[in-house]
Amino acid sequence: MAFLTSMERITDDRSARYRASTASIWIAVARFALLALCTLCAGASVAADESPQDIEQRVKAAFLFKFGGYVEWPERVFPRNDSPLVIGVAGADVLAEELSRIASGRTMNGRPVTVRRIRSGEPVTGVHVLFISRSEAGRLGELLPTTQGQPVLTVTETEKGLAQGSVINFVVADNRVRFEVSLAAANRNGLRIGAPLLAVAQRVQEKAQ
Amino acid sequence: MTPNFGLRSVRHKLFAGVLVTSLAALLVTGVAMLIYDLRSYHTAQVNDLTTQAELIGRASAAALQFDDRKFAADNLNLLKVRPKIRAAAIYNAKGGLFASYLRPGAQSEDLPALPDSEGVRVTGERLDLYRRIVGNNEILGTVYLRSDYEFYERLWNYLGIVLGVSVLALAVSMLLSGWLQASVTRPILEVTGVARHVVERRDFSLRAKKTTEDEIGYLVDAFNDMLAEIARQTEALKTSNQALERQIAERSEAERALRDSERRNRTLVDAITSVVWTADHQKAFTTTQPAWGAYTGQTEDEYRGAGWRRAFHAEDPDALESHWAEAATAKIPLECEARLWHAASSEYRFVSVRAAPVLGAKDEIVEWIGTVTDIDDRKRAEEEIRRLNAELEGRVRERTAQLEATNKELESFSYSVSHDLRAPLRAIDGYSQMLEEDYRDRLDDEGKRLLTVVRHESGKMGRLIDDLLAFSRLGRNPINAMAEIDMTALAKDVAQELLRDDTPDRVRLDVWRLPPAQGDKSLLRQVWMNLLGNALKYAGSRPRPEIFVTGEITNGEAVYRVADNGVGFDMKYAGKLFGVFQRLHSTEEFAGTGVGLAIVQRVVTRHGGSVRADGKVGEGATFTFTLPAGKHDG
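Chains as they are written, first to last, in our numbering: chain A, 1 to 209; chain B, 1 to 634.
Quick caveat, the hints were computed from the structure, so don't treat them as lab data. Just so we're clear, the structure is a prediction, and the values are computed from it rather than from any experiment. Fair warning: there could be bad hints in the mix.
No more than 16 Å apart at the CA atoms, straight line, and that leaves these computed lysine to aspartate or glutamate pairs for EDC-like [as the list claims (entries may be wrong)]:
1) B:LYS331 <-> B:GLU364
2) A:LYS66 <-> B:ASP363
3) B:LYS331 <-> B:ASP301
4) B:LYS70 <-> A:ASP174
5) B:LYS210 <-> B:ASP225
Sequences are here, hints too, so could you generate the full structure?
What follows is the structure, encoded as structure tokens:
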């Protein structure tokens with residue numbers, strides 16, 4: 001059930017593109033509700049094929065995209081106003097695919113969002129968000145240190161993600177995708193995490209452990 | 001006294017004005033403030049809710065984005081501090097209910113299944129507000145707030161306050177208006193009162209008191225000035241009126257005197273129906289005599305000089321001339337009668353000619369002023385009366401002589417008849433007496449009885465003749481002895497004589513004290529004889545005859561009454577009672593000649609009195625007669 005809600009969230013994000021004037025909004029909503037019903041049916045059939053892991057990946061992809069709205073990077077990392085926000089994904093093919101799909105044609109705080117796959121061995125440079133999937137947990141010791149002190153929002157999905165120096169770590173509680181935040185890691189990386197994000201975080205770790 | 005203008009009074013107008021003004025101001029202000037307050041309430045309410053929704057939206061954006069329903073619910077729960085908010089909800093972008101909130105203690109509120117379009121809706125006492133949550137230029141969801149909207153409560157409260165304030169303000173304004181009206185109307189009322197007094201009493205010396213220095217004060221001054229002016233004018237008018245009245249009085253007095261004199265003269269002239277003329281000392285008409293001309297028809301030429309003589313009857317002027325000459329010699333007024341020609345009736349009429357000499361300074365006759373008065377009608381009337389009188393006297397004398405002769409003849413006839421009848425009657429009586437005495441033995445009983453009848457009848461006839469003789473003697477002989485008569489003694493004497501033969505004590509005959517009378521004693525004795533005898537005769541058949549004789553003095557006359565309880569009579573025959581030979585009963589019933597009451601009447605009448613009879617059949621009779629009263633009470 002929790003994933004179904006996440007599914008709604010995803011389609012919800014998509015529907016948000018129908019940005020329109022207030023007057024025409026509910027026409028759009030109505031149209032979208034129809035569309036959503038169809039996609040839900042379609043999605044249900046898709047979901048039937050997909051594993052719960054896939055659904056989790058999709059939710060995490062949406063979260064990854066949205067984190068960008070609540071985090072402030074130092075100005076220097078964006079040469080221009082319309083410099084793209086780059087999200088690097090290490091492993092997690094389903095998530096990367098989904099993220100690309102979400103990000104395509106959308107902006108975050110006026111910046112286009114691009115997704116870059118990080119292959120093993122590739123240097124992690126020029127990314128603003130770095131997601132390291134569980135499958136790449138072995139590379140944590142390699143990847144995290146390189147980004148320490150760099151203006152990169154590191155996101156992990158392992159139990160000891162924060163302890164290992166990541167800024168945000170996905171957890172699953174009550175069949176829901178939640179996340180925990182390390183303010184220390186963020187400070188270290190020169191990032192400022194918005195209070196609303198902290199408010200909805202499952203746990204906020206203030207100091208380095 | 002203040003005139004009562006009722007509701008039109010200035011006081012009421014002022015009062016009403018203040019009240020109406022205050023009320024209007026209060027109403028306008030109250031309504032304006034009410035509208036303003038309700039508007040600002042609405043605006044504040046909407047703004048407040050919008051802000052609240054915006055805050056909740058912003059705070060819940062992350063929760064929506066990261067699917068944190070608990071956080072959203074916590075956010076909504078913060079609304080507990082806003083008890084006016086009944087319910088709240090957050091919907092996600094798809095319109096699904098994401099989180100909701102109900103005011104503690106509230107019943108279940110049915111939250112809308114889908115969010116409405118953004119905006120505010122008022123439903124009765126409820127305010128619904130929808131607010132989009134926008135993040136990163138995308139609609140994230142909708143905040144829904146449902147709040148108490150205390151519009152009506154506020155309205156009623158406000159109206160209550162307005163009403164209360166109005167009442168308070170009205171009370172204050174009434175007090176104020178009382179004070180104001182007192183300060184404004186008292187001087188006005190005072191002026192009004194003075195004006196009324198002036199109108200009622202016409203006393204222009206009254207003045208209104210000036211109490212204020214405003215327009216009313218000025219009005220009072222002007223009013224007082226006006227009064228003073230009116231008083232002055234009135235005084236002037238009165239003075240001039242009095243002068244005028246005096247003049248008019250004088251003038252009308254003069255006019256009245258003139259009119260009186262004129263009327264007197266006119267009356268005088270009118271009263272003088274006679275012709276007025278003037279002649280000079282030689283008895284010649286020298287001036288125009290219009291009255292003379294009009295009466296006699298003579299022209300001025302005809303009567304000029306001694307021409308007036310020709311208007312008199314040919315036989316008269318000489319006598320007139322001689323009379324006039326005597327008067328002229330003695331210088332005394334002239335008065336004589338003559339016949340003067342009257343043109344209108346074309347005949348000579350008797351006139352009375354009068355003239356008076358007007359004497360000059362030397363006692364000489366200057367002229368004569370005279371009148372000619374028509375006395376013809378009077379003269380003729382006098383003549384006629386004289387003639388009629390003479391004629392009448394002649395006829396009376398003639399008739400009296402005839403009557404006297406007839407009467408004398410009649411009386412002497414009746415006397416001689418009576419006298420002559422006596423001789424044969426005496427012969428009848430004498431011879432029947434002799435027959436009775438000398439031939440008693442030879443007559444049988446029937447003969448004796450017949451003889452007794454003859455004697456009885458002849459005696460009765462003798463009495464009748466005696467009565468007739470007495471009656472006729474009454475007419476012939478004058479009453480000579482008018483002496484003072486004690487009527488009580490006379491009546492008692494007669495009664496005694498009449499009762500001598502009757503059974504003692506059978507008859508009650510009471511003679512009371514009677515007044516004395518003037519008259520002939522023997523005649524009056526006859527009166528008593530007849531009246532008492534009459535009474536005894538008609539009451540005699542009663543078992544207990546009663547006769548009362550009473551008398552008194554009334555209006556200087558002695559009145560006597562003889563009342564009995566006899567058979568009485570019918571009043572319609574009262575007039576016949578006193579006639580000669582007039583009888584109401586047959587001789588068989590009651591004896592009598594029918595002359596008695598005639599004698600009574602004749603005696604009483606000849607004494608200057610009167611007699612009358614009253615009675616009723618079966619109830620007795622009362623005879624009343626009057627006589628000249630005696631000198632003193634006997």
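(request) May I ask which of the numbered hints given earlier this structure violates, with the numbers listed in increasing order? (result) Of the numbered hints given earlier, those the structure breaks are 2, 3, listed in rising order.
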